[in-house]
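Take these sequences, add in the hints, and give me the full structure.
So you can see what is in the structure, the chains are spelled out below.
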Amino acid sequence: MMAIRDGGEPEGGGLTWATRLRDAALTGVIALLLFAPLTGVTLTGYALEGHWQRPLWLAAGVVVGRLLIGLFLEARRARPPVESAQASEKVGWIDRNRPFILGLALACALILPWFIGKYWLNVAILALIYVLLALGLNIVVGLAGLLDLGFVAFYAVGAYGYALGFKYLGLSFWLALPSAALLAGLCGILLGFPVLRMHGDYLAIVTLGFGEIVRLVLNNWMELTGGPNGVRAPFPSLFGLEFGRRAQPGHTTFHEFFQIPYSSETRDIFFYLLLLMVVAGMIFVVRRLRRMPLGRNWEALREDEIACRSLGIQPVTVKLSAFGLGAMTGGLGGVFFAASQGFVNPTSFTFMESAHILAMVILGGMGSTGGVIIAAVILTVLPEVLRDFAEYRGLAFGMAMVGMMIWRPRGLMGIRRARFHRSEVGR
Amino acid sequence: MVNGLVLGSVYGLIAVGYTMVYGIIGMINFAHGDVYMIAAYLTAIFLAALTALGLHAAPMVILLVLALTMLVTALYGWSVERIAYRPLRASNRLAPLISAIGMSLILQNYVRLSQGARTQGTPTLLDGGVRLFENGPDQFVQITHAQILIVVTAVVGMGLLWYLIHGTAIGRACRAVQQDRVMASLLGVDTDRVISIVFVLGAGMAGVAGSLVTFNYGSFDFFIGFVTGIKAFTAAVLGGIGSLPGAMLGGVILGLAESIFSGFVNTDYKDVFAFSLLVLVLIIRPSGLLGRPEVEKV
Chain V
1 MMAIRDGGEP EGGGLTWATR LRDAALTGVI ALLLFAPLTG VTLTGYALEG
51 HWQRPLWLAA GVVVGRLLIG LFLEARRARP PVESAQASEK VGWIDRNRPF
101 ILGLALACAL ILPWFIGKYW LNVAILALIY VLLALGLNIV VGLAGLLDLG
151 FVAFYAVGAY GYALGFKYLG LSFWLALPSA ALLAGLCGIL LGFPVLRMHG
201 DYLAIVTLGF GEIVRLVLNN WMELTGGPNG VRAPFPSLFG LEFGRRAQPG
251 HTTFHEFFQI PYSSETRDIF FYLLLLMVVA GMIFVVRRLR RMPLGRNWEA
301 LREDEIACRS LGIQPVTVKL SAFGLGAMTG GLGGVFFAAS QGFVNPTSFT
351 FMESAHILAM VILGGMGSTG GVIIAAVILT VLPEVLRDFA EYRGLAFGMA
401 MVGMMIWRPR GLMGIRRARF HRSEVGR
Chain E
1 MVNGLVLGSV YGLIAVGYTM VYGIIGMINF AHGDVYMIAA YLTAIFLAAL
51 TALGLHAAPM VILLVLALTM LVTALYGWSV ERIAYRPLRA SNRLAPLISA
101 IGMSLILQNY VRLSQGARTQ GTPTLLDGGV RLFENGPDQF VQITHAQILI
151 VVTAVVGMGL LWYLIHGTAI GRACRAVQQD RVMASLLGVD TDRVISIVFV
201 LGAGMAGVAG SLVTFNYGSF DFFIGFVTGI KAFTAAVLGG IGSLPGAMLG
251 GVILGLAESI FSGFVNTDYK DVFAFSLLVL VLIIRPSGLL GRPEVEKV
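One line per chain: the protein sequences are V and E, in this order.
Quick note: the first sequence, position 46, residue 46 per my numbering, numbers continuous.
Quick note: the second sequence, position 124, residue 124 per my numbering, numbers continuous.
Hints should not be assumed to be uniformly reliable.
[What the hints assert, rightly or not] For each label pair, taking beta carbons as the anchor points, the in silico distance ranges come out as:
hint, chain 1, residue 1, chain 2, residue 2, range
1, E, V182, V, L386, 45 to 55 angstroms
2, V, L68, E, A169, 30 to 40 angstroms
3, V, P293, E, G167, 35 to 45 angstroms
4, V, P293, E, I284, 47 to 57 angstroms
5, V, F389, E, A49, 27 to 37 angstroms
6, E, I284, V, V217, 40 to 50 angstroms
7, V, Y392, E, V156, 49 to 59 angstroms
8, V, V217, E, S219, 19 to 29 angstroms
9, E, A169, V, M399, 33 to 43 angstroms
10, E, L64, V, V217, 39 to 49 angstroms
11, E, V156, V, P194, 37 to 47 angstroms
12, V, M198, E, H145, 18 to 28 angstroms
13, V, V217, E, G121, 29 to 39 angstroms
[To be verified] Taking beta-carbon pairs under 10 angstroms as the criterion, some of the chain V residues facing chain E (in silico):
hint, residue
14, A31
15, V217
16, E223
17, G226
18, G394
Calculated directly from the structure, the hints in this document are not laboratory data.
Ideal Cβ positions, reconstructed from N, Cα and C, are used throughout, including at glycine.
As structure tokens, then:
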């Protein structure tokens, strides 16, 4: 039963090589038993096809991994716990130069579109959309500590709100942007009202169910949404100037108005800059919110709900505001997604998408705005760079989520929670 | 009706895993549905292997496949707990949940990569059936042998589990840990071991469910665990999470409700119906039909 145990520690700490090897060997046997039936053979029709080398390699990998992890943990245990003065010094440096770093990042982001090609510009737009979504989910999961597995539902509400609003009501992008976001926020509050009374796990499963309900309804309601065929969503215009090659009757195009040669990149650059402005605004709002009583309440609630209640904080109202704001941000992301794709259909809003956004929030460190932004950019750009390994994306996400929870539950950036420092108290 | 009962038995078997794990460590094992999916693959693989070895007698093959599948899925359940949940025992509530979602992604993609993304199938083992209530050539209720097998196995499996939990020392330890983990460990119960056992039992039951479904429907892909997992969780919540008979009852009710809904109302929306039921039950009566309300303590 207890194949992988911590091992009887002999005198003086540290395991003997015999125990280590026995542990690793047992792990290997179990791994072999696990891998052999599923990777050793492949079903082809009703028959089997053998790949006997695959489970052996995997099991060998597990054995080596087990040995290395064991040694690593031992080494860490043997080392005296150092209060990492260096780390806090580094953070202090970032803190002191924050305006400078932010400005530099913004400047880079601003001039970026003129230096990368059309393909990478589209990737950058997608990355910004994900930054927006991850920021929204970060309010809910990271700040308020509510695990929302159906975030994609609000994203879908935003995207479909724009597409359907255009189709039936003739809503323009600029009108749809606030109204679809408000609609998504309203949905968040409506959903949140009954479910926020329950605690973490139930909330997770209800939001998951809600996300699936939204997707299935979008998929099956052929008359309204066109089902799997999707709906068209037009590209935004700037003060009535269109970005197409030719204007529709009664309109002018952007390139004719400014007398520049037509290029499809102009359109994407405009879109990128618009999105960048919204994202920057969002970052600003989130930073302000965190310092406001509301943001403080979110984080307090995340840490200890019962203590909050006894201090007179209304948990439902506070959670509801986080849920609604997160949903609104998701809706904004949805509108931008619809406009950038020119078309929406239900396959963009599966659970996998929710998990993708959640992975960004977790990898960035729940609650850390900067970390989440960096994680969102990396997780969008990296799969584009590693196109050859696209198959392994899901596997890597899963492993990253488990590994992060075990080894670095506070994210790659290692965020600091607000706390009193002894020096401050002493003063 | 019969279909609903069959579906319900399957949901019940999977729901047992959710309900026991939730009862003991208070977390939703998101990877449980994927263990069921793995069981479906294992069944097909063992079936093909046994056929290749020249075994053809149906009862023999079914028993062997069931036993082998249970064994390997139980091992999967154990490993999942060991890798993804045990290191997080001491951390807050969010961490194991996220790790569980990660585990579910890992299992899905692992099967997709090793077995391919397309829908797989198995040959039917059991054909024919029994006709009941025959009133003429076209009016009868047909129950296939496979359906009988599912219901009977589910009932037997639940009976064995009931005995294991309420009649043996292991079961007593499980119940003790469920009531108060700290107290049980003070009194000398190895809680880690008990938790492992619960995962093994739950995964074993999911393994049985996966096998049975494969015998009956004969087609599956790497994504079936997700939807079935949520539905089985609905069943567990419906019956009252933490309660064994509740899980079975919830499974049967959900199965019947779903088949009645898709028979009389609309097939396209049957998943929407099941998920809505989940949301409604959680909002209106989170303790379920047979469960006790949970009191949050400091």
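Hints, one by one, checked against the model:
no.	hint	verdict
1	V182/E <-> L386/V: 45 to 55 angstroms	46 angstroms, holds
2	L68/V <-> A169/E: 30 to 40 angstroms	38 angstroms, holds
3	P293/V <-> G167/E: 35 to 45 angstroms	56 angstroms, violated
4	P293/V <-> I284/E: 47 to 57 angstroms	33 angstroms, violated
5	F389/V <-> A49/E: 27 to 37 angstroms	31 angstroms, holds
6	I284/E <-> V217/V: 40 to 50 angstroms	21 angstroms, violated
7	Y392/V <-> V156/E: 49 to 59 angstroms	41 angstroms, violated
8	V217/V <-> S219/E: 19 to 29 angstroms	26 angstroms, holds
9	A169/E <-> M399/V: 33 to 43 angstroms	38 angstroms, holds
10	L64/E <-> V217/V: 39 to 49 angstroms	44 angstroms, holds
11	V156/E <-> P194/V: 37 to 47 angstroms	39 angstroms, holds
12	M198/V <-> H145/E: 18 to 28 angstroms	43 angstroms, violated
13	V217/V <-> G121/E: 29 to 39 angstroms	30 angstroms, holds
14	A31	8 angstroms, holds
15	V217	6 angstroms, holds
16	E223	12 angstroms, violated
17	G226	15 angstroms, violated
18	G394	4 angstroms, holds
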